[in-house]
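Using the sequences provided together with the hints, build the complete structure.
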Amino acid sequence: MSEPQGAAVSLAEAPHQPPPTDVPSKQLTPQRVQPLRKPGRWIATAVVLVLVAQAVHGLISNPFYQWDRFGYWFLRPTILDGLLITLEVAAYSAVLGLLGGILLALARLSKSPVLRAVSWTYVWALRSIPLIVVLLFLYNFSALYKTLSVGVPFGPAFFSFDESRLATDMVVAVIGLSLNEAAYAAEVVRGGILSVDQGQHEAATALGLPKGYRFRRIVFPQALRSITPNYVNQLIGLIKSTSLVFYVSLLDLFGTAQTMGATYPGDIVPLLLVVTVWYLILTSVVSVIQFYVERYYARGATRSRPPTPLRKFRTGLRDLRERLRREAAV
Amino acid sequence: MTAEHGTTAEHLTTAGTLTTAEAAPAAVEVHDVHKWYGAHRVLDGVDLTVRPGEVTVILGPSGSGKSTLLRVINHLEKPERGYVSVNGELIGVRRNGDRLRELSERAILTQRSRIGFVFQNFNLFPHLTVLDNVAAAPVATGKLGKAQALILARQLLGRVGLADKADAYPRQLSGGQQQRVAIARALALRPGLILFDEPTSALDPELVGEVLTVIKDLAKSGTTLVIVTHEIGFAREVADRVVFIDGGRIVEQGPPAEVLDKPRHERTRDFLSRVL
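Protein chains in written order, with this note's numbering: chain W, 1 to 330; chain H, 1 to 276.
Just so you know, these hints were derived from the structure itself, not from any lab.
Please note that the accuracy of each hint is not assured.
[To be verified] Listed below are the simulated DSS-like cross-link pairs for lysine-lysine, each with C-alpha atoms no more than 30 angstroms apart in a straight line:
hint	chain 1	residue 1	chain 2	residue 2
1	H	K216	H	K165
2	H	K216	W	K211
3	H	K143	W	K211
4	H	K165	W	K211
5	H	K146	W	K211
6	H	K165	H	K220
7	W	K312	H	K165
8	W	K111	H	K216
What follows is the structure, given as structure tokens:
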């Protein structure tokens, strides 16, 4: 009995105890909180800066890279011709691959078990076979059959390829890359379509919107928001995969550099640098396009549109200036 | 059939729609509808007749099948047995001798475009502006040209009090505003019948009123409305008839004064005591 009573007494007395220490007796005036110093971060930054400087210095001063030869080769017409082939192959394959991917994705999402099975099998097979094998197979195939025609099996042909040797190499390369690209694009597109809320399908159906309209105007534009980053990933992979067309005797950017390297063995390293820098440029261009495409398809998805890099830079600068002014005032 | 008409007509004399109702076919007729998912029976023989211009509120505990019933009316769900007709026209099927055959998808879409549907989660198209959300359906279904559809869309947005939001995107609006846009979108097809599936359940309490006001205006305009809701007060105020559904069956129905204030069935009393 005495224990609860004791507890009651101590509870009653609690307010009379002095407040916890650490609070200054004087009233706190609202003021800026001193940010916590983080010396570790500063040390790490300094170390990384030194390493970066060393790497840049090595890249510039090491004679191994032969930057003068790089300058000689970078805009040579043979190299630019190769670049053009790379761009052509990549562009055709990107478009055909995406179209094929959309068809495969729709087949995979269809209610027909046959279409689903065919689509699944295609994706399974083409993702399993290395691209180089597909290309070499097609290459030998095209050497075996001089004309390739599209038409009814055993029936009349609608149109046929019977081109000069170079055009055939180009066709083989584009077909090979497109077949491969379509398999990956199919999964990217399917994922995008699945990411659209079921309620959107229902609302469009309840309004009586025709099937084609529902896909083109309601579902696909929303799917593109998640398709874009994944497909650009694919696209960058595709641009680099074009270097394999060298093996079906098409002289793309990489193929040209390889051939030139065989003729001028001393220039192999600068030639590889030329190829590297061109691929860097292509990837950068694609990334910039990606940013603006994503920004376009983000409309409505977020409350305000993401800012462009220029605007981000400007607001960043303004914030920094304001912060410095405030610090100076304190 | 005749007996059922007789009893409903008695209730409707107060609403003054008796004469027209006698001549015109029922706005909605649900006949012996069964719906099941696997072994789970969602609707278990539902019969319901809604007269033109009537406002019907469907009440019931969650899982009772009231949303499914609504979705069967515009054929978002296919009934396993029974049929639905709207203004005398069978929905989703056609009569072939004494059998029912499924209609083509195109024909079903045409039927759906005459029935408005308002969802609990609005389901506005987020990538289109508010104006385009409302104008999309009349253009896509070929009912109006683009220019006329935009004029109609602006009119309808004015009617739900959102004329100034025409160029906003749905996610920039509050829930209540989004639902009002969804109602305008349903109205753009000039439907004779509008189905509401818990239109205020996803809204913050202070936004419920603005949506209910719009629905009340619609009720006064003579459009036939079927509303699934949990707002008992709203049902009492706006409904010509309240239908209480439980376990996939209609337990009782009648004017709100009867069903809400003098429920005859134990289950109705039980439900009302829990939600009031």
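For each hint, the structure was consulted:
no., hint, verdict
1, H:K216 x H:K165, "22 angstroms, holds"
2, H:K216 x W:K211, "33 angstroms, violated"
3, H:K143 x W:K211, "16 angstroms, holds"
4, H:K165 x W:K211, "29 angstroms, holds"
5, H:K146 x W:K211, "19 angstroms, holds"
6, H:K165 x H:K220, "25 angstroms, holds"
7, W:K312 x H:K165, "28 angstroms, holds"
8, W:K111 x H:K216, "41 angstroms, violated"
In this structure, the earlier hints numbered 2 and 8 are contradicted, and the remaining ones agree with it.
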